[in-house]
Amino acid sequence: PPACNVPGRATFYPDNLVPTTASSTNTLLTPTIGVDSTPPVILRVSSVKPPGNYTAGDIIHITVEFDKPVFISEIPSLYSTNFLAANATNTIPRGMPFLNLNSGANALLLGYETPVTDKRRLSFVYYIGTGEETPAGAFLDVAAGQTVQLNGGSILSLATSMEADLTSIPAPGTNGSLTSPQS
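In this note's numbering, the protein residues as written are 3 to 185.
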């Protein structure tokens with residue numbers, strides 16, 4: 003069309019465009035656009051709590067760090083009816099991602115690690131229950147072969163909305179895992 007008008011938005015006049023030819027150096031119509039097609043991956047799992055003996059009622063905060071900023075779906079508030087009802091029946095509320103731990107328990111996603119700076123670090127909380135123990139001779143870690151369980155929630159790239167690659171979580175005892183020396 004000779005002109006495309008969107009009232010209050012923009013007017014496009016094709017006669018004002020200068021096409022790029024083989025001999026032209028005009029780059030007006032040939033912008034270079036880079037698209038990040040790689041999903042966020044998990045770099046490491048860590049905690050500020052050292053390995054040791056803890057008792058029922060103790061709390062361990064676990065951080066899962068991604069290589070790029072992520073967006074998490076809205077999670078149920080710890081004081082919501084949904085969360086309290088699930089807690090009363092010892093279940094995890096739908097929509098709340100969690101980690102399976104080698105103690106047989108789960109660590110629930112709280113949100114971004116505070117203070118929120120670059121949105122690459124997610125904070126999970128593990129409330130130690132009665133009778134929960136790690137396997138003999140082992141320290142607390144994500145259960146072997148497990149990763150972040152979305153449970154109806156989502157973890158996406160903040161820039162592209164691409165789903166995070168949750169299979170990239172370091173295996174227990176390897177570099178970047180909860181039990182690795184640098185955690």
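Bear in mind the hints are in silico, worked out from the structure with no lab data behind them. There's no promise every hint is true.
[As the list claims (entries may be wrong)] SDA-like mimics (lysine to any residue), calculated; alpha carbons at most 25 Å apart, straight line:
(1) 121 <-> 57
(2) 70 <-> 172
(3) 70 <-> 139
(4) 51 <-> 91
(5) 121 <-> 87
(6) 51 <-> 116
In this text, all values refer to a predicted model and were calculated from it rather than measured experimentally.
Verification of the hints:
| no. | hint | verdict |
| --- | --- | --- |
| 1 | 121 <-> 57 | 31 Å, violated |
| 2 | 70 <-> 172 | 16 Å, holds |
| 3 | 70 <-> 139 | 34 Å, violated |
| 4 | 51 <-> 91 | 28 Å, violated |
| 5 | 121 <-> 87 | 29 Å, violated |
| 6 | 51 <-> 116 | 16 Å, holds |
Violated hints, listed in ascending order, are 1, 3, 4 and 5; each of the other numbered hints is respected by the structure.
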